[in-house]
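Colleague: Chain by chain, the residues:
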Amino acid sequence: MGVLRRTGERTIAAQRSVGLATEGPAADEGPRGLYADPGLPDRIFRGVARGGGGLVLAVMLLVGGFLLYRAWQALDRAGWSFLTTAAWEPDAGRFGIAAVIVGTVLIALVAIVVAVPLAVCGALYISEYAPPGMRGTLISVVDLMAAVPSVVYGLWGLFFFEGAVLPTARWIATYLGWFPPLGVIGADPRDPLATETVYTSSTLIAGIVVALMVAPIICSVMREVFTQAPAGEREGAYALGATRWGMIRSVVLPFGKGGMIGGTMLGLGRALGETIAVYLIISPVFQIQWHVLQSGTSSVSSLIALRYGEASPFGMSALMAAGLALFVMTLIVNFVASSIVARSRSGAASDA
Amino acid sequence: MTLAPESPPSVAEERRTVLPASRPRPVEPAGERRRSLALRRATDTYALLGSGAAAASLTALLFVWLLPFNGVIGFLVVAYALFLGLYALLVSFDEDGPTVRDRLAGVVVRTVGLVMVVALAFVIVYTLWEGRRALPHLNFFTEDMTLAGPLDPLSAGGILHAIVGTLEQILIALVLTVPAGLVCAVFLNEVPGRFARFVRTIVEAMTALPSIVAGLFIYATAILALGIGKSGLAASLALGVMMLPIIIRAADVVIRLVPGSLREASYALGTSRWRTAWHVVLPTARSGLTTSVILGTARGVGETSPVLLTAGFTAEMNADPFNGPQVSLPLATFEFVKSPEPAMIARGFGTAATLMALVLLLFVLARLIGGRAPGKLTRRQTHRRVLASRRDAERFAGRTHTRTHTGTGTAAPAPAAAATSPAPTFPVPAVKPDRSTP
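Chains as they are written, first to last, in the UniProt record's numbering: chain A, 1 to 352; chain B, 1 to 438.
Calculated from the structure, these hints are not laboratory results.
Computed from a predicted structure; not experimentally measured.
Ideal Cβ placement from N, Cα and C applies to all residues, glycine included.
Treat the hints with care, since some could be wrong.
Said to hold, decoys possible - Computed, partial: chain A to chain B, Cβ under 10 Å:
#, residue
1, Phe45
2, Ala49
3, Leu57
4, Phe66
5, Ser140
6, Ala239
7, Ala242
8, Gly269
9, Tyr279
10, Gly309
11, Met320
12, Gly323
Kindly produce the complete structure, drawing on both the sequences and the hints.
Modeller: Below you can see the structure in the form of structure tokens.
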């Protein structure tokens, strides 16, 4: 980015110097003042461009401002209990985002924990291991998968994956259930005939489906960064006798660290805001549910999709407040990501 | 059991990298040995195959005889862990520590990368495969759902209304967002300053806006406050709010990649700003801009949540996006699969497959148009450029010719000089005029 910005500055300098020729004969008295006469068409162009930018800015600020304004009614009434209440009954005055935020964050965390190893290995394979003839195809395939609609992932999760993962969920709950987040309340691991419905619609299933959704996004950011690792340093590492993995560990990964973190955060932002795939899979509960294998969880976006239709004006305001909380969360994640990427070496041209 | 050959660090002779398999090779008459340049040796393949077989049989032993485990996924996980351990052991017989780590990392990266691609491909293939029951019915693409209830077979009813709705909504959204987005991207790059930086920050922030919140915003403003009613227009507004930052962001990146030297050359020739933007920057970035718009479109076409809140749902054909609810492909998928009837679920998968085909089409279009760096031309463009430049050369040559031979009758101030020197000094006529036809 630094290079590009510098190019921009040079361009400004060049634009300014255009005006030099129109300068009068006052050149012999000290340094000449630099000024550019843009002319009428240029002034119109600049006005139109500014107007376009201003219009977009206005739309964006309108969205943010309106959200804040409508959310304020609900936030004002609920106060700090908005953050600590788990129930969602806005018309009875008892509502808060404790349950939905915990659900959202847990789903996103499961998604990231599953997606990042997949994405790192996929990106390393494409940039370092794949035969050069296949590289272009693989890049296209991964980019295409990043564009697959989320409802498709939701369908897959609902009709195929949920059934396929139940034995594994049960196995984990049986043998690793001593670790509290993996335990399941109401399941008897010693009973071979016990129903498996306590394992359906869980955070884990939603998280894995979202992981498949965000993995190609993370992968394509990381791949972009890995391929930019300087060839000189790669060859240097090989010349010093490094194996391929030694080269990757000492050149590619340190160079791509910023891009890896940035890509992960970008995926996290997408995972936090994902609606339809999660909505299709989970069965909503409004209590803090930190057993990831237990049936029933909730997320902010599925709460909105679930409750917007029947909401009273005040309920709408409460939903806006929940949406605002989600927006603020993704906003923080995105800004942290872009600042990490901008500060690292690899941030030069990555798209995070 | 043999020991790993990494231990004795004593003699410098022994520290040379010697391939274990090639030690006793006979010396050729010239005194040099022919070296094998292949990156993959037979021992590598043996180690892979051997550890794979050993891991599979060990896991089978564990699962069948020793432990109370079952399930396919558990089998695969245990087998994979055993495979890694055995492979490391086998390689360590021949190689030193760093090489073992290299081999292990190579295997892990390859398999996990493969798992990712296979899992994603499986998601897509599964949807297409499940859509196989609905897609062969031609009426699926030519009828709407007015006359088809949940219990009707697949030979009645279709998704024409959803296809029309999707196309209209995305078209309106594009008409609203593309001009605004492109002007804003040009503004960010061509009129730099504090204001542009501020706008860029805000746009970057708005890419974080969850799509459901964009839908909620339009629902609260356009539908509840302004009373537009749930319609295709409201859905396109919601899609527009969601797509605008994405398109601006992508177009901004593309325009930023236009080489500064091109702009400087243009300014150095005395071109004004708008001409530079219009004739240099935008044509250079055209393919990238098209790609960014198409990819933004692909994002918008598949997005369900903003449409869910704003478009309403109908089983009837509604070609008027301004009045009445209008359904779109992702929304129709979503509504179909909520039904427990197998025919409706099959319709849902068919709709999802159609949607994916649409996204695939957009994506292929984007690859065909874009994918080239700014300033790179296709063969046809190069050809057209060459033809134009030949025409120019011919025109110049023709003009010099008339100036030279029609003599002093023209008003040009140069004819006297031109008449004295019949061979023009500038290099334009180097291209012969008769070669101008291709």
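Colleague: Now look at each hint and say whether the structure bears it out.
Modeller: Evaluation of the provided hints:
For Phe45 of chain A, the shortest C-beta to C-beta distance to chain B is roughly 3 Å, which falls under 10 Å, so the interface hint holds. Below 10 Å, beta-carbon pairs count as interface contacts, and Ala49 of chain A has one with chain B at about 4 Å; its hint therefore holds. Hint on Leu57 of chain A holds. Least Cβ distance to chain B is approximately 5 Å, under the 10 Å limit. Because the beta carbon of Phe66 of chain A sits about 6 Å from the nearest beta carbon in chain B, less than 10 Å, this interface hint is met.
The interface hint given for Ser140 of chain A holds, since its Cβ lies 6 Å from the closest Cβ of chain B, which is under the 10 Å cut-off. This hint is violated: Ala239 of chain A has a C-beta 14 Å from the nearest C-beta of chain B, more than the 10 Å allowed. The interface hint given for Ala242 of chain A holds, since its Cβ lies 8 Å from the closest Cβ of chain B, which is under the 10 Å cut-off. With 10 Å as the threshold, the beta carbon of Gly269 of chain A comes within range of chain B, its nearest partner Cβ sitting at about 6 Å, so the hint holds.
Look at Tyr279 of chain A: its Cβ gets to within about 8 Å of chain B, closer than 10 Å, so that hint holds up. Hint status for Gly309 of chain A: holds, given a least beta-carbon distance of 8 Å to chain B, under 10 Å. Proximity of Met320 of chain A to chain B holds as hinted, the smallest CB-CB distance being about 7 Å (cut-off 10 Å). Because the smallest distance between the Cβ of Gly323 of chain A and any Cβ of chain B comes to about 4 Å, under 10 Å, the interface hint for this residue holds.
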